[in-house]
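According to the numbering used here, the sequence shown is numbered sequentially starting from 959.
Careful: at least some of the hints might be erroneous.
Here are the computed lysine-lysine pairs in the DSS-like style, where the Cα-Cα straight-line distance is at most 27 Å [claimed, not checked]: (1) Lys-1101 with Lys-1160; (2) Lys-1047 with Lys-1031; (3) Lys-1049 with Lys-1031; (4) Lys-1032 with Lys-1047; (5) Lys-1047 with Lys-1101; (6) Lys-1086 with Lys-978; (7) Lys-1086 with Lys-1101; (8) Lys-1031 with Lys-1045; (9) Lys-972 with Lys-961; (10) Lys-978 with Lys-1049; (11) Lys-1086 with Lys-1047.
Worth flagging that the hints you see were computed from the coordinates, not collected in a lab.
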Amino acid sequence: MPKLIVSIDGVVIKEVQLTKERTTLGRRPYNDVVIDNLAVSGEHAALQMAGNEVTLEDLNSTNGTYVNGKAVKKQVLRNGDSLEVGKYKIKFVNEAETPGYDRTMVFKPGELPAAAAGEPVSVNGALKVLSGASPGREMPLTKVVTTVGKPGVAVASISRRQNGYVVAHVEGAGTPLLNGAPITSEPVALKSGDVIELAGTKMQFIQN
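Take these sequences, add in the hints, and give me the full structure.
Right, dumping it as structure tokens:
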């Protein structure tokens, strides 16, 4: 379930689960997420949820709404995006995009994301789960960046580049392994057959 982690000066002050189709954010007490600060408008922004997709919309606020440092009017949020409202920072977390291996990864044919601007989706890389909650299941790497692991334990990112895929450690005290060697925050090139191990799960990278 998507959630917001609200912090100021690096201190987390609240976490809000997004459970409704529309969640409002602002200074007025009737908002779903109340931020009592003069830099925040009475009705500052709204988050619209459709399935696992969450869209942020600025409600003509006085000081604007920022995502990853850029002012936005309306934008689909991605796992890990940083929202700025006044002096507050809000981290958007969508665990549907970061499969935790303590629950089953669900992938059904036909659920691939639609291509942008009508371009065909190119699926030429995948992760095959070797051990853990869903052995044998394959997860196509359809996005530019795919995050895998268990938030707070060990999360790695697999990024698609022009000449192939790279893997890097994103967060968590646990160190992911690539063919038995530790993965750092520096991206490492992947080749078909490589084995990634994190959060107690082994996955094999397959490239068609």
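Each hint tested on the structure:
With a C-alpha separation of about 21 Å, the suggested pair Lys-1101 and Lys-1160 falls inside the 27 Å cut-off, and the hint holds. About 17 Å separates the Cα atoms of Lys-1047 and Lys-1031, which keeps this hinted pair within 27 Å; it holds. Distance hint between Lys-1049 and Lys-1031 is fulfilled; the C-alpha atoms sit about 18 Å from each other, no more than 27 Å. Distance check on the hinted pair: Lys-1032 and Lys-1047 sit about 18 Å apart at the alpha-carbon level, within 27 Å; holds.
Our distance criterion of 27 Å between C-alpha atoms is met by Lys-1047 and Lys-1101, whose separation comes to about 26 Å. With a C-alpha separation of about 34 Å, the suggested pair Lys-1086 and Lys-978 falls outside the 27 Å cut-off, and the hint is violated. A C-alpha spacing of about 16 Å is found between Lys-1086 and Lys-1101, which places the hinted pair at or below 27 Å, so the restraint holds. Distance check on the hinted pair: Lys-1031 and Lys-1045 sit about 18 Å apart at the alpha-carbon level, within 27 Å; holds.
Among the hinted pairs, Lys-972 with Lys-961 is consistent with the structure: their alpha-carbon atoms are about 10 Å apart, no more than 27 Å. For the suggested pair Lys-978 and Lys-1049, the alpha carbons sit about 18 Å apart, so the restraint of at most 27 Å is met. A hinted pair counts as satisfied when its Cα atoms are at most 27 Å apart, and Lys-1086 with Lys-1047 does not qualify at roughly 36 Å.
Of the numbered hints listed earlier, those contradicted by the structure are 6 and 11.
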